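Undergrad: Chains as they are written, first to last, in my numbering: chain X, 3 to 258; chain C, 41 to 504.
Hints in this document: simulated from the structure, not taken from any laboratory. It should be emphasised that the depicted structure is a prediction, and the values quoted were computed from it without experimental measurement. Treat the hints with care, since some could be wrong.
To give a feel for the contact side, a few chain X residues facing chain C, derived at Cβ under 7 Å [claimed, not checked]: (1) V52; (2) P91; (3) G120.
Chain C stretches covered by chain X per the calculated footprint, using a threshold of three residues with CB under 8 Å from any CB of chain X [to be verified]: (4) 195-203; (5) 383-390.
Virtual Cβ for every residue (Gly too), placed ideally from N, Cα, C.
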Amino acid sequence: MAVTEHKTANHKTASSVDPAEMAHFAKMAEDWWNPSGKFKPLHVMNGCRVGYIKDEICAHFRRDPDEDMPLTGLHILDVGCGGGLLCEPMVRLGAQVTGVDALEKNIKAAQIHAKAAGLVIDYKYSSVEDLLDSGQEPYDVVLNMEVLEHVTDPGVFIKTCAGLVRNGGLMFCSTINRTAKAFTLAIMGAEYIMNWLPKGTHQYAKFIKPVEMVRMLKDAGLAPDEPAGMTYNPLGGSWKITGDLGVNYLIKAVNA
Amino acid sequence: MKTDFDILVVGGGLVGLTAALACAQAGFRIGVVDIEKPSAQLAAHHDGRASAISVASFRMMRALGVADALIEKKVRGDDTHAGPIRKILVSDGQAGATPSPLTLFFDSAQIADANDGEPLGYMVENRRMRHALHAEAKKCENITWIAPARIKDIIADDAKTTIVFDDDKTLSASLLVAADGRNSFVRRKAGIGVMSWPCHQKAIVTTVEHELPHGDIAHELFLPAGPFAILPLTGNRASIVWTETPRAADAAMALDDESFAAELSRRFGDFLGWVKPIAPRWCYPLSFQHAKTYVGERLVLVGDAAHAIHPIAGQGFNMGMRDGAALAEILVQARAEGRDLGDGFVLAQFEAWRKFDNTALTLACDMFNRLFSNNIAPVKHARRIGLSVVDKLPPVRQFFMKEASGQIGDLPPLLRGEAYKRRGGSGSERPGNIKRRGGSGSERPGNIKRRGGSGSDRPGGVVL
Ligand SMILES: Cc1cc2nc3c(=O)[nH]c(=O)nc-3n(C[C@H](O)[C@H](O)[C@H](O)COP(=O)(O)OP(=O)(O)OC[C@H]3O[C@@H](n4cnc5c(N)ncnc54)[C@H](O)[C@@H]3O)c2cc1C
Numbered sequence: 003m004a005v006t007e008h009k010t011a012n013h014k015t016a017s018s019v020d021p022a023e024m025a026h027f028a029k030m031a032e033d034w035w036n037p038s039g040k041f042k043p044l045h046v047m048n049g050c051r052v053g054y055i056k057d058e059i060c061a062h063f064r065r066d067p068d069e070d071m072p073l074t075g076l077h078i079l080d081v082g083c084g085g086g087l088l089c090e091p092m093v094r095l096g097a098q099v100t101g102v103d104a105l106e107k108n109i110k111a112a113q114i115h116a117k118a119a120g121l122v123i124d125y126k127y128s129s130v131e132d133l134l135d136s137g138q139e140p141y142d143v144v145l146n147m148e149v150l151e152h153v154t155d156p157g158v159f160i161k162t163c164a165g166l167v168r169n170g171g172l173m174f175c176s177t178i179n180r181t182a183k184a185f186t187l188a189i190m191g192a193e194y195i196m197n198w199l200p201k202g203t204h205q206y207a208k209f210i211k212p213v214e215m216v217r218m219l220k221d222a223g224l225a226p227d228e229p230a231g232m233t234y235n236p237l238g239g240s241w242k243i244t245g246d247l248g249v250n251y252l253i254k255a256v257n258a
Numbered sequence: 041m042k043t044d045f046d047i048l049v050v051g052g053g054l055v056g057l058t059a060a061l062a063c064a065q066a067g068f069r070i071g072v073v074d075i076e077k078p079s080a081q082l083a084a085h086h087d088g089r090a091s092a093i094s095v096a097s098f099r100m101m102r103a104l105g106v107a108d109a110l111i112e113k114k115v116r117g118d119d120t121h122a123g124p125i126r127k128i129l130v131s132d133g134q135a136g137a138t139p140s141p142l143t144l145f146f147d148s149a150q151i152a153d154a155n156d157g158e159p160l161g162y163m164v165e166n167r168r169m170r171h172a173l174h175a176e177a178k179k180c181e182n183i184t185w186i187a188p189a190r191i192k193d194i195i196a197d198d199a200k201t202t203i204v205f206d207d208d209k210t211l212s213a214s215l216l217v218a219a220d221g222r223n224s225f226v227r228r229k230a231g232i233g234v235m236s237w238p239c240h241q242k243a244i245v246t247t248v249e250h251e252l253p254h255g256d257i258a259h260e261l262f263l264p265a266g267p268f269a270i271l272p273l274t275g276n277r278a279s280i281v282w283t284e285t286p287r288a289a290d291a292a293m294a295l296d297d298e299s300f301a302a303e304l305s306r307r308f309g310d311f312l313g314w315v316k317p318i319a320p321r322w323c324y325p326l327s328f329q330h331a332k333t334y335v336g337e338r339l340v341l342v343g344d345a346a347h348a349i350h351p352i353a354g355q356g357f358n359m360g361m362r363d364g365a366a367l368a369e370i371l372v373q374a375r376a377e378g379r380d381l382g383d384g385f386v387l388a389q390f391e392a393w394r395k396f397d398n399t400a401l402t403l404a405c406d407m408f409n410r411l412f413s414n415n416i417a418p419v420k421h422a423r424r425i426g427l428s429v430v431d432k433l434p435p436v437r438q439f440f441m442k443e444a445s446g447q448i449g450d451l452p453p454l455l456r457g458e459a460y461k462r463r464g465g466s467g468s469e470r471p472g473n474i475k476r477r478g479g480s481g482s483e484r485p486g487n488i489k490r491r492g493g494s495g496s497d498r499p500g501g502v503v504l
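Taking the hints into account, I'd like the entire structure generated from these sequences.
TA: This is how it looks when you write it as structure tokens:
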């Protein structure tokens, strides 16, 4: 599918939009919500990421995570929201959610799905740069999950996103470490051997080491926590939060 | 999306009610739809069976608050309704002849460590169980009965599933649980096929009184036409499951009371003194039936709607309870992760967790039945040797017993006897036991970890 088929938004700066990457994701957009389709790994991982984010938000904003809708009243921005896999659970947990994606097709798919599911989510076809420039009120929480490894300049990208976090608010980032293990598991394993992800989904050079991540967050004026690992157990088919940062990891930072 | 209920359970039988109570306890809003009036289901003549409830299942009944009604002494002059099974004696025999001396003997005292001194299981009359479940469901604010009601159609979409009743009224929910039994209307409506195979047997069920105490021993006597089970009820009473070829069963059903009693005594022998039927006879055709899938669009099948097995191992209801316990656990987890309860991913988890176990048990029961329900000399010989070998090897025997009492494998919390902390409809409190994550969302609990072979929650094998 050609890039031109999916008109990208009018970006003033294009640090976050790599056309080659975008064309690739466009092909996948329709399959977002098929739990046994191409995005199965995200569906499987989702419970773990949502659980982590929910618990961290609850700890920070002094909410009881065991409430039915513990995130009620919080405004969350999900950057690179794709088909809305993260937005929808956040809404069910009570949050008011905005999802942005630089790919119109993703936003369309996400809107269709949310409408059918009867969920109210503010989806915007926009880049974070444009969102910041539009004078958008900052959010309580900004989520950058599994997007940094797909942008051209993660440092600049994180800075832009930091501008969208309110004082005292949180930013979450998750990505893949640049290690031999990550290369083996994320690229060889997931893309070539298991065929979980279409070949070409990830580029090794774009993986980010935790120290680089911490530095970028600090450069953006945020106070990052210790990163946490997210590990897949192939025997049980589930993800859990661990101390192993070798492949997938997450990090929380406060706009103090 | 606001639906009328979180979950609609179709079928308020033993399994449907167990699942409804488990989910209601976890705080979900439940509607239970049944084609029959509750009063009709509670009538004395509705169900003459008694079920062997494994220790794990009985713990679940305790966690759900149902066991109290079963073991409370002297309720309106009644005695306790749960008769313990302390020993199981399996033997090979001929009608009228004394049981073969080569028997398989299970004794709860030998697995006292795993059982906390509890028996291997309990015998509970189905009608007692029904009364206890109904009483508990009535107390639950978040369970609504919709009965009698006839379903015309079921329509599932991305937001909800909707039941259309024959008067064109509708009710919606995120998830539909089909617990409407062996001939499940919901399963047929969803176009889910079944694999089934007849076993050319019928079961005659009745209750007898006998002269001498049964000592809490369950007897399973393998007669050529099929198993003959004597299951200890409270007092000097036993529930009889007498399996026969359909012709012989029909003939036995047609006998007058006196001749029937005589036929029964002939099979029984005299080890419990005189024996006399004290209840009507019920007759159930037997077959194995297994749904090709346990899930559909916003739909899960539980209990006999998903799997109907031979009563040889007395596991049908136990399997259904496990379905309910696993479902509640998966839904609690899904809610905590902000998932849609009817999401394909959630349904796949249920299927993966339950199907492996149920398939294995269904096949095992069928093989067990085939092996024992015949009179071919070499097979007979082999099974006698088999029984005595199992009996002589303590580790093997212990394994069977632990299996029988439902203790093998990784059990959902309810089967470990852990209740969900009750919470009001508004959901201010959260079930206590799902709070497993350390400070920061650490360990994602094993909702999916139980897939596949080894760690799975296996129902018991040979308890009758
Ligand atoms: C002879 C015999 C002995 C057994 N002994 C044992 C034992 O010792 N231990 C054991 O664990 N199991 C035993 N079983 C199996 C056990 O009885 C069943 O597995 C169990 O009763 C199944 O319960 P259920 O709720 O799934 O189905 P059912 O009990 O069949 O309940 C189905 C419910 O759905 C309702 N319904 C049906 N159609 C509709 C509709 N269209 N709309 C709405 N509602 C509907 C019915 O009114 C009923 O309430 C035995 C079975 C037999 C035949």
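Undergrad: Confirm or reject each hint.
TA: Results of checking the hints against the structure:
1. V52: With a closest approach of 5 Å, the V52 (chain X) hint holds.
2. P91: holds, 3 Å
3. G120: holds, 3 Å
4. 195-203: holds (count 4)
5. 383-390: Our answer is that it holds, as 4 residues pass the Cβ test (under 8 Å) against chain X, meeting three.
The structure fails none of the hints (numbered hints given earlier).
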